[in-house]
Amino acid sequence: MSNKYVEMGMRSPVNLTWEVTLACNLRCSHCLSSSGEKACNELTTAEALDLVEQLHTAGVFQVNFGGGEPFIRPDFEEILAACHSHGIMTCISTNGTLFTPELVARLSRNRLVAIQVSMDGAKRETCDAIRGAGVFDAAIAAVKLLAATKIPTSINTVLTAQNADEIPAMHEMASSLGVSLRVSRFRPSGRGADNWESLRPSPAQLLAFSDWLSSSGDVRTGDSFFSLTSQERQGLGLNLCGAAKLTCCVSPTGHMYPCAFLQTDRFEAGDLRQNSFQEIWDGSEIYESFRNLRIHSCEECQRFDQCHGGCPAVAWHLKNDINGGDPECLERCVTSIADNRLAEAA
Amino acid sequence: MKSSQSTESAGFTRMAAAGIKLHPSCRARQERFGLLFYDCRGPRLLFAATGTLIPADFFGTIRRRDEFPAGVSESQKMALNKFVTQLLEKGFLHEQ
Ligand code: SF4
Ligand code: SF4
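From first to last, the protein sequence lines are chains P and U.
Letter 48 of the first sequence, counting from 1, is numbered 64 in our numbering, and no numbers are missing.
Letter 5 of the second sequence, counting from 1, is numbered 225 in our numbering, and no numbers are missing.
Wrong hints could be hidden among the right ones.
With a straight-line cut-off of 30 Å between C-alpha atoms, the simulated BS3-like cross-links for lysine-lysine are [said to hold, decoys possible]:
hint, chain 1, residue 1, chain 2, residue 2
1, P, LYS160, U, LYS297
2, U, LYS297, U, LYS241
3, U, LYS302, U, LYS241
4, U, LYS297, U, LYS310
5, P, LYS166, U, LYS310
6, P, LYS335, P, LYS20
7, P, LYS166, U, LYS297
8, P, LYS54, P, LYS20
9, U, LYS302, P, LYS20
10, P, LYS20, U, LYS241
11, U, LYS310, U, LYS241
12, P, LYS54, P, LYS160
13, P, LYS160, P, LYS139
14, P, LYS20, U, LYS310
Note that these hints are calculated values from the structure, not bench results.
Computed from a prediction, not measured in an experiment: that's the story for all the values here.
Working from the sequences, and respecting the hints, build out all of it.
Next up, the structure:
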């Protein structure tokens with residue numbers, strides 16, 4: 017990753033997360049956006065299609081759709097088709113419970129779509145304890161439908177204390193179903209903040225996961241674990257926070273934020289009903305502050321070049337300090353385990 | 221797509237490769253420093269300090285391996301040749 021070029025400023029995001037609705041038929045305990053009921057005043061179809069035009073003009077390469085459950089929006093396939101008509105690649109994060117053979121057949125007609133089905137354990141009881149009864153079976157059925165097509169499909173798992181031991185089994189399960197595994201970081205946002213203490217992986221689990229990841233090159237992690245990744249995985253993805261530099265987030269109501277985990281008033285960069293996408297990307301003071309963000313407290317760290325201070329969203333949610341350095345980075349996990357051992361020995 | 225004539229000899233397959241093109245999983249756009257390449261399979265990025273030497277849509281159509289925009293000098297061609305080799309090795313371009 018050439019930070020020099022990123023620091024020059026991009027004319028638009030490379031990709032962005034667009035949470036198209038807050039409506040969801042599930043109530044997962046780690047949900048980053050506390051999804052459930054549709055938000056008041058979500059973007060209309062016309063507004064959503066206009067946004068797609070703006071993203072095309074801006075040169076955005078990829079839109080990562082999330083929510084809520086995107087397929088609950090009746091016009092979601094229309095929004096997808098508008099992206100595809102402009103060559104914009106799309107990736108849909110879904111709970112998989114609304115999939116039918118007809119929907120999968122329609123989706124598979126296009127080569128620009130990839131799908132991530134969320135699952136939170138290799139065992140039915142682990143997954144359903146987080147996502148709700150019956151979700152494991154429904155998600156597996158969706159993955160099987162998708163695996164029979166050419167749609168690039170992955171199972172997306174949020175690493176929690178409850179499923180940390182099942183990640184290797186999830187990897188095997190994904191392989192046996194003919195799809196890939198993607199592991200995302202649990203961050204204290206939305207219902208995830210309410211359930212943080214019960215779901216957060218321990219430092220020992222994070223370290224064990226980091227070790228496992230280093231020998232599992234085919235497992236994708238997006239930007240989730242660059243603060244934990246070993247040398248072996250450098251070059252497999254981004255190793256810095258891309259918020260406001262390479263990516264951003266659009267909420268169901270058309271508000272823009274640096275990333276999906278920072279959707280609060282404090283971090284609102286603009287409102288698409290007031291300004292254009294490009295105006296907000298170019299002119300937002302919040303975005304400017306993220307582009308100039310320097311995690312000085314981490315600069316002496318031997319791993320600074322590998323993680324650049326980690327995830328500011330986690331630092332914000334846990335320490336109320338966007339500049340504070342990632343409280344769950346590799347170095348801090350090692351230190352925390354060593355401190356605990358010393359305390360136990362004393 | 222690679223040549224579908226899989227029963228042909230390797231020599232034929234080489235001749236059949238008409239040129240190079242941006243991989244369907246990849247995109248390119250102009251930035252201040254030059255071209256930014258994106259590969260959604262990673263996702264991976266490649267930053268190329270090409271300035272305005274090559275338009276972002278240049279590899280959107282099939283190009284000969286030694287084909288460059290008009291007005292490019294011989295020394296620039298040598299640098300661009302290396303650059304194209306790198307794009308091929310990294311999978312941003314593919315042979316057609
Ligand atoms: S995590 Fe996903 S499936 Fe679960 S409640 Fe949130 S949006 Fe719905
Ligand atoms: S703030 Fe954290 S979650 Fe958001 S883009 Fe940066 S690293 Fe990723």
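Evaluated hints:
no.	hint	in the structure
1	LYS160/P with LYS297/U	49 Å, violated
2	LYS297/U with LYS241/U	18 Å, holds
3	LYS302/U with LYS241/U	16 Å, holds
4	LYS297/U with LYS310/U	20 Å, holds
5	LYS166/P with LYS310/U	23 Å, holds
6	LYS335/P with LYS20/P	29 Å, holds
7	LYS166/P with LYS297/U	38 Å, violated
8	LYS54/P with LYS20/P	41 Å, violated
9	LYS302/U with LYS20/P	22 Å, holds
10	LYS20/P with LYS241/U	27 Å, holds
11	LYS310/U with LYS241/U	13 Å, holds
12	LYS54/P with LYS160/P	29 Å, holds
13	LYS160/P with LYS139/P	17 Å, holds
14	LYS20/P with LYS310/U	21 Å, holds
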